[in-house]
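Below are the chains, spelled out letter by letter.
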Amino acid sequence: MLLIECPWCGPRDESEFAYGGEADISRPIDPDALSDAEWADYLFMRSNRKGENREIWNHQHGCRRWFVVERDTVSYAIRATFPMDGEGRSP
Amino acid sequence: MSQAFRLPVGGRIRRDEPLEFTFNGRTLSGFAGDTLASALLANGCRVVGRSFKYHRPRGIMAAGAEEPNAIVQVGRGQHAEPNLKATQVELQAGLEARSVRGWPSVNFDLGRINDRLGGVLAAGFYYKTFMSSAGSWHRSERFIRRAAGLGWAPTGSDPDRYESRNAHCDVLVVGAGPAGLSAARSAALAGARVLLVDDQPELGGALLACRDTIDRMPAKDWLAAQAAFLEAQPRVRVLRRCTAFGYHDHNFLSLVQHDLTDHAVVQRLWRVRAKQVVLAQGAFERSLVFPNNDLPGVMLASAVSTYIRRYAVRPGCQLVVFTNNDSGYQAAIDWLEAGGQVEAIVDCRDDVRGDLPRTAQSMGARILTGTVVAGARGRSGLRSVEVAPAAGSGVARQKLQCDVLAMSGGWNPAVHLHSQSGGRNQWQPEPACFTPGNPVQAAVSAGACNGVFGLRECLAQGHQAGQEAARRWGFEPAFDEASEAPAMQSGALMPLWRVPEMRGRLAASKQFIDYQNDTTLSDLRLALREGFEHIEHIKRYTALGFGTDQGKMGNINGMALVAEGLGKTIPEVGTTTFRPPFTPVRFGACAGGDVGDLYEPVRKTPLHEWQVENGAPFEVVGQWLRAHYYPHEGEDLETAVCRECLATRASVGIMDASTLGKIDVSGPDAETFLERLYTHDIARMSVGRCAYGVMLGEDGMVMDDGVMARLGPERFYVTTTTGGAANVLSWMELWLQTEWPDLQVRLTSLTETWSTIALAGPNSRQVLRAMGCDVDLEPEAFPFMTTRTARLENEPVRLFRISFSGELAYEINVRSDRADFMWRRAMAAGAAFGITPYGTETMHVLRAEKGFIIVGQDTDGSVTPVDLGMNWMMSKSKDYIGRRSLARPDCVRPGRKQWVGFRSLDDRTVVREGSQLVQGDTLEPPVPLLGHVSSSYFSACLGYPIALGLLNDGKRRHGEELLAVDAGGGRTRVRVVAPVFYDPEGERQHA
Amino acid sequence: MPERPRDTHALDAFMKGFSATGGGSAEARVLVHQGFSVHNLRLRGQDHAQAFARCGLPAPPANNEWAGDDETLYWLGPDEWLLVCPEGMATPDFIASGAPPEPMTVNDLTGGWVMLTLSGPGARPLLERGCTIDLNPAVMGEGHCAQTLLAKSPVLLATHADPERVTLLVRRSFAEYVALWLAHTGEPCHIAFAFQARHAAGS
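Chains as they are written, first to last, in this note's numbering: chain Z, 13 to 103; chain L, 4 to 994; chain A, 24 to 226.
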């Protein structure tokens, strides 16, 4: 059971959150300008790094905000959490 | 039977509280403060069980969680609990315990024949025997299970009550021995919130059987003072009978507490989030490997001391100690003090010079240095041991009479929790054990579980660990000194993993490494001969370290012997993985209170009571309970649904649709936002208009659907499916917050606030009129797909003229606490029209007649709106989530599954949902599957069965005949038709 | 004169079926509130204090806090508050007018929430059994609130100066589950439930 620092509500149990996958995946401004392969890359391909990752999580049973979590996928240690547009908070 | 082995004085038992209990049907007595094991030993029960595979007689070896043999079943009926260790069962009045193996009895077990067949039943026996012929395992399993089980689980539901509790602390201290108590004290003095847990009924750990002094007072007095101090601290919580069994991520630990005081709750699961953890669980003594080392009477030396000093039980008369280190001498000292006879102390070391050996010698004990126990003899219990020089061929043997052998092979620190937390262990050659490496979470190990075995050192290390933990969490440690015990001189341990090979009968005797699984030295050798090298493979081949004791006593011996066989070092071989739980935990404790009615939240609509009053059976949809149908006297589902369908289409029906998700979408950019999430043109919706909307995933697949209404230039009211409500809101927030934070939009769930009453059928307008509706309901004034605020029964409501049945229909949205009132008024107003309440089943039939989809039933995440023939509602003038994917090659390829209807050729058979569609009749493999039936009902209005589903290239196959084959093998011939069966022109809903 | 509607409470059926009264030995009591109104306030823009002032409201409570006496404001998120007014209290003007000042969006959620007050020495220990946040009064003290899970239901939990008092706001459809959970879990401490007395009709 991870302990995740919501940037607004503070540290809460993982059970209050929903995982949203890799962070920093931007929707292409003009999807039609992309080839099928490029679009598929945006849709399906994720880096899935071993180690440090930036992810988005939603505080589903709290303030309903989405935010960024920097988490190590080997040790599960969380380095920091950020509002979508703001400064980080270390746990 | 009197307690013949009970000492007349001493121990921590309460002699003024005698307790009667039964073991294998015999009534015995003990005292409060006994464990079942100590009481059995006091009563002279040497044989307490039979071994797993060879059915050899076994006795109690240990005094704690490492006990491999004394496995018992406690209690009876539904309260029975199998698989307990007698050493961990607190004695209670009336306790009923049985051995889990031994037929017809533990003292005479026919399964002993297996012992003679040892060569056949060696490691890998089951694999080799049952992998060779298919089915042989199934034929034999019943008999093997009966012979080899660990008890009998009750078959009914568990009548006991459990609960879980969440706790937070600055410092969690696991183990209340000398190190744990010192740590708890120093952390508490620093001001930290401390949680101290210990698995015993009283604090103290090793101190409970300790004869030393601390701070110049007897250890038991020091212990009493520490316990009193900690109990008095408001920021300290002490949990007894509580085992920390799991160390998870982010300093989250799970503990299970047996509660014998609160009769309402038998076990409690503590879920602890600790800022810092001090691990002080102590160490387990190691057994020694020699022939017949499993005879009843062979015990761990520390257990012998514990039984004498803590429980006042001397489990025999003549003792031999076999040790490779100084701590084994303690057993001899305690035995002599308890009036017993010590035949000899057999020490494999040549050089013996510590304080304990000196004391033992001064008390008259004979010490045989450089000597080992070459083997034990006896039938149902230990009678004698043979000793031989440690170095040599084992010829110069000598026989010693004894009924108890106390063995000490050194100590294994309890590194379990440290390992579970992700930490590695390191091999220490000096005390020859694995100790915790660097912690990877906020934890520190102290005392014996950190490889420090002297009392003085444990006290100091615990004290420091407590201060350190508090400091790391920001507390300034108080200036207090560690408690002190006298310094002790002790000699070094000499690793001894096995004794020299013997000749004669002993050479053929089994030497047990893992007692619980009957894993012997020759099993390990066999595994090595057969090419197993990795310790995890050897574990699985020989069962070394499995079982309820998880090899706490003998595992390291096994690893050392594997290392010897492979010519490797012990750290090269390494340990197997330590996983939770540390000791077995009841499923009941894990489930806690989340059972029965509380297993999952049951959400009820505000109209639930009326539905109960009117006899509706309920269907679970998501977490909601929805009325399934409303049977009249003597009706079953089928007849009730036919009646409800006909009445609705002929006059008027009423349904509770309150579970639909409802979201308020407000703000200057609400229109722009919805344009990007739904496929249709939002901008073309004028205020007061409704529209059916479909939401796609970015992959182009249908995700959710519902009707939305424009309530104002900047305000929309969006409905979702019942099951999708939470996901859709979360999905909307995701885009709004991560991708388009510039959009000025706010989302608010109204699902709970508004209840929805659907009125469907040609007379629904009349019912609204009868309810005193204050708006013009004529089609021109209030056309299909529009919404109005209104008053019904003088109450404010919002009316939607939308239809999920194809009939003239309205949905009344009313404040939830007035919904029951409104429904009852609608029933009264509709009485003149024979208003008919209908449930989810009729709703499904009515929509299927119209070919409307149900997301999640007719779609499965692989269906695009094009597949469903919804091209008409897909805007060509804007981008929306998922649009680009619809042009991906797979989405435009010919032959995709498409939405079609089916009619049974016999016009009688209702095809089973889930049936696969195939061509031809023969079903000769391979049979290409062309699609499946997702919805299928009998249509009372049409008089024949209808079905819907997805079929390869379905739109072009109308008119074709196919075979629908269900999972049970049922076959129905069907014709592919258009997916709208009723009123294809859609005239009725515009009425 | 049309029949006056009787508001139904989500716990009507539960309260009818709940026989245990707890009597004088109850270590935890649950008061079930009735007749209050609930509004969700959302703000766009950054200057929350000014927007609140324009509505005649006191300063918005900060993260994880609540404020107020009769009329209470609970923080729900960085741009979201819940306004709860007890029975008989007039709806604030900015809501009654139907046109809140510009950056504010208001949604009337009355009828969609159930409010319970837990009191007694057993109140916090009871919640500890189903709530993973730290309920120690030193951490969760006067004026704090949190949206979290109680057992398997989302709840809004607010604590008071009196550590033996906790307010719970629960979504209507989850109310019966939460009440059942409290009743079952609180059995050993003889938990007692009571409806808050309603104001007389017409007052």
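By construction, these hints were calculated from the structure, which means they are not laboratory data. Each residue gets a CB set at the ideal place from its N, CA and C atoms; glycine is no exception. Check the hints yourself; a few may be wrong.
[Claimed, not checked] Ranges of calculated distance between the beta carbons of each label pair, as one might list FRET restraints: (1) L:432 <-> Z:55: 50 to 58 Å; (2) L:162 <-> A:93: 45 to 53 Å; (3) A:93 <-> L:797: 51 to 59 Å; (4) A:218 <-> L:637: 38 to 46 Å; (5) Z:66 <-> L:583: 28 to 36 Å.
Each hint, compared with the structure:
1. L:432 <-> Z:55: 50 to 58 Å: Holds - the Cβ-Cβ distance for residue 432 (chain L) and residue 55 (chain Z), about 56 Å, lies within 50 to 58 Å.
2. L:162 <-> A:93: 45 to 53 Å: holds, 47 Å
3. A:93 <-> L:797: 51 to 59 Å: violated, 29 Å
4. A:218 <-> L:637: 38 to 46 Å: holds, 40 Å
5. Z:66 <-> L:583: 28 to 36 Å: For residue 66 (chain Z) and residue 583 (chain L) the Cβ distance comes to about 30 Å; the hint holds.
Comparing the model with each earlier hint shows a violation of hint 3 alone; every other hint is respected.
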